[in-house]
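Throw the hints in and build the complete structure from the sequences for me.
2 protein chains.
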Amino acid sequence: MKFCSNCGEPVVRRVPPGDSLPRDICDACGSIHYVNPKLVLGTIPVWEEGGQARLLLCRRAIEPRYGYWTLPAGFMENGESTGEAAARETLEEAGANIELESVFSMISVPYVNQVHVFYRARLLDLEFKPGVESLEVALFEESKLPWKDIAFRTVGVTLKHWFADHARGAFGFHAEDIK
Amino acid sequence: MKFCSNCGEPVVRRVPPGDSLPRDICDACGSIHYVNPKLVLGTIPVWEEGGQARLLLCRRAIEPRYGYWTLPAGFMENGESTGEAAARETLEEAGANIELESVFSMISVPYVNQVHVFYRARLLDLEFKPGVESLEVALFEESKLPWKDIAFRTVGVTLKHWFADHARGAFGFHAEDIK
Chain A
1 MKFCSNCGEP VVRRVPPGDS LPRDICDACG SIHYVNPKLV LGTIPVWEEG GQARLLLCRR
61 AIEPRYGYWT LPAGFMENGE STGEAAARET LEEAGANIEL ESVFSMISVP YVNQVHVFYR
121 ARLLDLEFKP GVESLEVALF EESKLPWKDI AFRTVGVTLK HWFADHARGA FGFHAEDIK
Chain B
1 MKFCSNCGEP VVRRVPPGDS LPRDICDACG SIHYVNPKLV LGTIPVWEEG GQARLLLCRR
61 AIEPRYGYWT LPAGFMENGE STGEAAARET LEEAGANIEL ESVFSMISVP YVNQVHVFYR
121 ARLLDLEFKP GVESLEVALF EESKLPWKDI AFRTVGVTLK HWFADHARGA FGFHAEDIK
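Chains A and B are the protein sequences, given in the same order. Numbering of the first sequence is given in this note's numbering, commencing with residue 1 and proceeding in unit increments. Numbering of the second sequence is given in this note's numbering, commencing with residue 1 and proceeding in unit increments.
Each hint should be verified, as a subset may be incorrect.
Since the list can't tell identical chains apart, any single copy or any two copies may satisfy a pair.
Claimed, not checked - Cross-link-like lysine-lysine pairs, in silico, DSSO-like; alpha carbons within 27 Å at most: (1) Lys-2 <-> Lys-148; (2) Lys-148 <-> Lys-160; (3) Lys-160 <-> Lys-129; (4) Lys-179 <-> Lys-38; (5) Lys-2 <-> Lys-38; (6) Lys-2 <-> Lys-129; (7) Lys-2 <-> Lys-160; (8) Lys-129 <-> Lys-148; (9) Lys-179 <-> Lys-160; (10) Lys-2 <-> Lys-144; (11) Lys-38 <-> Lys-144; (12) Lys-129 <-> Lys-144.
Honestly, the hints are just simulated from the structure, not real lab data.
Right under this line is the structure:
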């Protein structure tokens, strides 16, 4: 931030009285501008048939990580709940009709100031199709999953927990950090 | 937002190409300014002695909700993990030394663009003392809790879940929305 979003004057970076961290401060209008981590919400959409589980992944049509595979996910918007954000991103990126299940993972990524949260989800049909941010959308069983071409570490960690929990027949909640 | 934080020129609010929501856009430098929900992180610090559990609450010395009781919590900062934010807020507001346990609740509050997350925590000693944002800090057993003077609904919901889970002897993870 270089200029005050309230009055347009240049800001300076220093620790405000009573605070412990430097902020962007406007000495013209007195505004203090706080910047906080962003939430990324997504789902793990599953299609179970004949005793086999397959998960829905999207191949990214945008940077970062163009061409790599990811779970449907994106930035939570103001006015949404976490579940609404997860379902919206799943529809936008994968055109997928889902029923949301439990919150499955919450992974902090402090070096990019993000927290990624994934819900378990049940695909309601096979009518999915790529949105504008996806090159393709496909179902993968565990042995066919493109493990070397996963876009983000939070997605890889979430997928590993999902298959482990699925194998033992009980889904937990997984909170961890990637540093 | 009235002015571009990148170049200081006035912004206009409209839907960018390929987007579905209005954003603050700078036609001078091309910046699009996104605003997203904020994470509030806190803990439920417990002191167990003689078979009785007491929880640590802080009486707020700041607005909003000056004088009301809350769990120690506050805005997550850039560069932190969720657990680091929860522990820092507990130390700042209650001077409390804790050991973090599991993530206990995640509550969306879309009408204020926030998500509140609380960790279970074990008090390591009784050396707690109010920080600058607290009037006082005290331990409460369930029957003595100031239920009518709780500052925020996310805190009340979290406390109710905690005592219910404690009574049944098993702590879960609780995700819900307050609308």
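How the hints compare with the structure:
Taking the shortest Cα distances, Lys-2 and Lys-148 never come within 27 Å of each other, neither inside one copy (39 Å) nor across copies (44 Å). For the identical chains of this complex, Lys-148 and Lys-160 are intra-copy neighbours only, at 13 Å inside a copy versus 44 Å across copies, given an alpha-carbon limit of 27 Å. When the C-alpha separation of Lys-160 and Lys-129 is checked against a cutoff of 27 Å, the pair qualifies only within one copy, where the shortest distance is 24 Å, while the shortest distance between copies is 42 Å. With identical chains, the CA atoms of Lys-179 and Lys-38 are at most 27 Å apart both within one copy (16 Å) and between copies (21 Å).
Taking CA atoms no more than 27 Å apart as the test, Lys-2 paired with Lys-38 passes in both settings, with 20 Å inside one copy and 22 Å between copies. When the C-alpha separation of Lys-2 and Lys-129 is checked against a cutoff of 27 Å, the pair qualifies neither within a copy, at 41 Å, nor between copies, at 38 Å. For a Cα distance limit of 27 Å, the shortest separation of Lys-2 from Lys-160 qualifies neither inside one copy, at 41 Å, nor across copies, at 45 Å. For a Cα distance limit of 27 Å, the shortest separation of Lys-129 from Lys-148 inside one copy, 23 Å, qualifies, whereas the shortest one across copies, 50 Å, does not.
Taking the closest pair of Cα atoms, Lys-179 and Lys-160 come within 27 Å of each other only inside a single copy of the chain (18 Å); across copies the shortest separation is 34 Å, beyond that limit. Proximity of Lys-2 and Lys-144 under a CA criterion of 27 Å is satisfied in neither setting, with 48 Å inside one chain copy and 50 Å between copies. In this homomeric assembly, Lys-38 and Lys-144 never come within 27 Å of each other (Cα to Cα): the closest approach is 32 Å inside a single copy and 37 Å across copies. With identical chains, the CA atoms of Lys-129 and Lys-144 are at most 27 Å apart within one copy only, with a shortest distance of 20 Å there and 55 Å across copies.
Violated hints, in rising order: 1, 6, 7, 10 and 11; the structure is consistent with all others.
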